[in-house]
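Residue numbers are given in my numbering: position 552 of the sequence shown equals residue 553, and the series is strictly consecutive.
Heads up, none of these hints are tricks.
Simulated crosslink set (DSS-like; lysine-lysine; CA at most 27 angstroms straight-line):
#1 K294 / K317
#2 K254 / K372
#3 K874 / K734
#4 K251 / K294
#5 K798 / K317
#6 K798 / K744
#7 K567 / K372
Pair ranges (Cβ atoms, derived):
#8 S293 / T846: 35 to 41 angstroms
#9 P755 / S293: 51 to 57 angstroms
#10 R1181 / D432: 40 to 46 angstroms
#11 T846 / T611: 51 to 57 angstroms
#12 D741 / T659: 37 to 43 angstroms
#13 F926 / E1101: 23 to 29 angstroms
#14 R838 / R783: 19 to 25 angstroms
To be clear, the hints were calculated from the coordinates, so they are not data collected in a lab.
Beta carbons: idealized from backbone N, C-alpha and C, even for Gly.
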Amino acid sequence: MSTPKPSAKGKKQTPASNQKSILGFFQRKSDTSTQEPTSSPTPHAAQKAAPKKISPDALTPAPSSDPVEPSSPIRSDSKNKENEGPKTLEADSPSRKVKKQVNYAESDADSDDADDDDVFKPVSANGTNKRALKRRKVAALDDSDSDEFGPDAFEDDEDEDMDDFIVPDDSDEEPVSKKRKRPSAAPSRKAPKASSPPIPTSPVVDDDDVMMEGNSSTAQQWRYDPDSNNTSGVRPPPTVMKKKDGKKEKAYKTEPEQRYTWLAHIQDADRNPLGHPDYDPRTLYIPPGAWSKFSAFEKQYWEIKSKFWDTIVFFKKGKFYELYENDATVGHQLFDLKLTDRVNMRMVGVPESSLDMWANQFVAKGYKIAKVDQMESALGKEMRERGGPAKKEEKIIRRELSSVLTGGTLVDGAMLQDDMSTYCVAIKEVDRDNLPVFGIAFVDTATAQFQLCEFTDDADMTKFETFVAQTRPGELLLEKSCISAKALRILKNNTSPTTIWNYLKPGKEFWSADTAAREIEASDYFVSPDRDNIEVWPQVLRDAKENHELAMSAFGALFQYLRMLKIEKDLVTLGNFAWYDPIRKATSLVLDGQSLINLEIFANSFDGGTDGTLFSMLNRCITPFGKRMLKQWVCHPLADARKINQRLDAVDALNADTTVMDRFTASLSKLPDLERLLSRVHAGRIKAQDFVKVLEGFEQIEYTMSLLSEFGEGEGVIGQLISQMPDLAGSLKHWRDAFDRKKAKEDGILVPEPGVEEDFDQSQENVESVLAELEKLLKQYRRDLGSTAICYKDNGKEIYQLEVPIKIKNVPKSWDQMSSTAKVKRYYSPELRRLVRKLQEAQETHGQIVKEVAGRFYARFDEGYSVWLAAVKIISQLDCLISLAKASASLGEPSCRPKFVDSERAILEFEELRHPCMLTNVTDFIPNDIKLGGQSANIDLLTGANAAGKSTVLRMTCIAVILAQVGVYLPCSSATLTPVDRIMSRLGAQDNIFAAQSTFFVELSETKKILSEATPRSLVILDELGRGTSSYDGVAVAQSVLHHIATHIGCLGFFATHYHSLATEFSGHPEIAAKRMAIHVDDKERRVTFLYRLEDGVAEGSFGMHCAAMCGINPRIIERAEVAAKEWEHTSRLKESLDKAREACYVPLGVQSDVAWLLRENMVDEESAIGERDVDVLMRAIEAL
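Could you build all of it, start to finish, from the sequences and the hints given here?
As structure tokens, this is what we get:
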């Protein structure tokens, strides 16, 4: 069947028969009954009157006019498409300028992954490829596999003008127009006549094109003669969504449940509906009957999506990643991505080059991301199909789930927005003897660092809360229905809104310890050639298997989850495991979760940011892995005076001679995150450019350490670190000339030097030999045709076309013309076609070998993982020490080195101390002297007016202690202290709505922890205890607690209060000293001037009325309040009664209670017994009376 040559642009087309013009041909006729054919009946018209059985061979629909040009001259007999339409389907409208269905502004790509075999198909004799080449530039979403493209993938403008024909988002597919229904039949191709009716057809359906409900092709719509009674071979048309005007509704304009009825009532894989207690939001149930209606592409998509229903699935299509159905809706609503459709599904798409950026956007919103990649190219698919006939599912490009990205498990450095660690945490909780027992496993996936812990906690879950505050999990794995309400409250109160919560089914997903051990062993991640495999497990895992059942179970849940994300092998096989202790009582200053929050160590209380925090003040690290180590140093300050002094010695040495610091900073300031990149090298998932960065980074470290070695390997911390640095020069020697680094940086491929990889050299020779044959063939054609102007020309994917000047006339007839311009014509000869095909296959094979060579390089480098990691750890410690030195040097004057003393009695003395975190923002900060313990009382009872600075003094003291024990200078003129083992705080007044706890309840919960955990070496700060309840109860609680911590615990600390009667009650107590914040009061104006000086004595009052006046409250209200306070205020009258009682012989209630205990013949239990220290304090208190 020949194809009429289209008219040239700008010329009128000669009307055929009664077709007066193209516009007239497409003009809709108003009434079929009034239309009279003006030409003699064609044979097809005669068929109307005498219908007869049509043979299957004659079922090709007649086109209405010239066929649409293919977008490339390779289309005529393509057999390699994922979703071809019916093979007998011809285009039914003339070619014309078209508009794109999808236009991604970010993409400048033309078509991709075309069926390479089609490259050599010639154009038709009439040269209809000119428009096709133009159309290549406007076709969108280039992909070799235009899965399921039918006419419903095209735009459908309401005005039905001449632009009603849109190229689908795959330039490799022949565009098919949207046929208008009209009474006049399509004209014959040989002699186009408007009166010719269409021939009844039964479309031949490709196995790969299973039609869906609501999705019919043009061939199906026009496969029979509406006026013919013959219906043989005709199937009933599928039901489609119709608009009021009778047109098919676009997929993206309808809801998914209208096209997929089972989405109207969503169920999980176990058939549990939404709202069911056991509903699993991660899975989706699809009825068995629906699978049979899916096309191959839809089946490929829904097989993956049904297992990741709560995940945004990015589906690779050529050079784009596409989102379908509900995911497309999310992308459209959140980021305004253009909503369109692919066959029966709504769709949005993003270019492959910007996937990381878009994935980051979704992850930042709290979504999980699943990435489905193409596992082969179109050429690779064809090479695979040579082995034999392919099944329906195999006729499309093979795609697989390559990875799942979540906020807590990101591994790609390009997607990680922060240098700090993000943890994915699995938590197992059981109850033993009415106490919670936790098994926890967590991982920083960016560095492949696993940590495990198991501990029995107290009733308040202090250790657990501390762990959560230290790690701030980015993702949680919890055993469904097995974690207590209190643990859930702690997690909700101490995690960010973007934290991802996963509830795993007990046993099936949250594995038991035995299941976890079996799965790890079966995975063969740790294999020994001559010993039992378990003997080569990391020591931590072996210990967990044998002695820590809960920790092993938690690791099993983590392992199972990482397996589902497709990243468990990359992480576990590194063997980077360690035990974690949230409260290291033996070696570090304990900062529990509440203190980390109250003292604003990592996050401020204003907006949750880092401004004004202790960590931001200390963090001067220049490497990402140094910053992460510094955070661990701040979480766990040292408690050993010897180790603290070693750090301070290093700080002194660095500041005394800044050469080391300057060279280190100048040389390593641009070092990449080697710790994270090492895990990527191990996984074999690193770009060539990043691999070069790793090598150059270690070379820079080796050079820097050689410079630092000039300063000797002394006994100090710095000398020890320099001496412990492994020999990097020997390890790096092999890599200096292993591959072409310039090519790796520019082209992103690792090209080994000749002789390094034999298979690469052989493959390279094959490619070069084909190129040489092509060059030889070109010279032969130049000689044969007598022109040196003949050359090779690439035209998109149609490579090595032979470009011949148009003046040369003796072109062999066996050559196929592929394209032409005004001056040249381009051809493929049979020999050239064979060579180009050979070249493409050689390049395809070579590409696979390039990947294999890169994998071998990565594996070879990973063999030295322990050496590389040791070097990173040493650089981290040096970076932290330099950061401490810089922080110490930035304090201004006065500043001093803290002096640690070994004393039986705890001591804490600071002279002219300023708040370390306020030095940069407050230039006129008022310094204060702090004296606790030693020759002074252990507890300062602090009173003062509202806003006088009491809380600042409390926080400032705690921050100074932390700094001193981390190893930093302090902003004071002198500092003497004994190492503190624990800082405990009760600050502020806040309720906890989520935990159903009132302000007073929160106060008492925190106070209970202090009373049970504090020791004589602890630092305790209590701020306004008792203010959350009535004055009567508040005074009683505050008085009892203060007596207990001063008399029985003996810790250092501050007790800030507005209950001035406490000062009278404890005026003679030997371990309590009254202090106040100095102010100047103007009673006449009701104004208070705050002096912010700490001095001895008791405040005259809280001056709440003065503060009210300063805030602008009505004076009449204030006057009435003053009268009421004098008449009814309990604490004021209590203070007066105590003052009168002290004129006689008054014995404080605390002393009376202790004497009563001493006089009892039988102690109730050992915990309530009074020890020698308590008796000593009691005797001194009695003497003071």
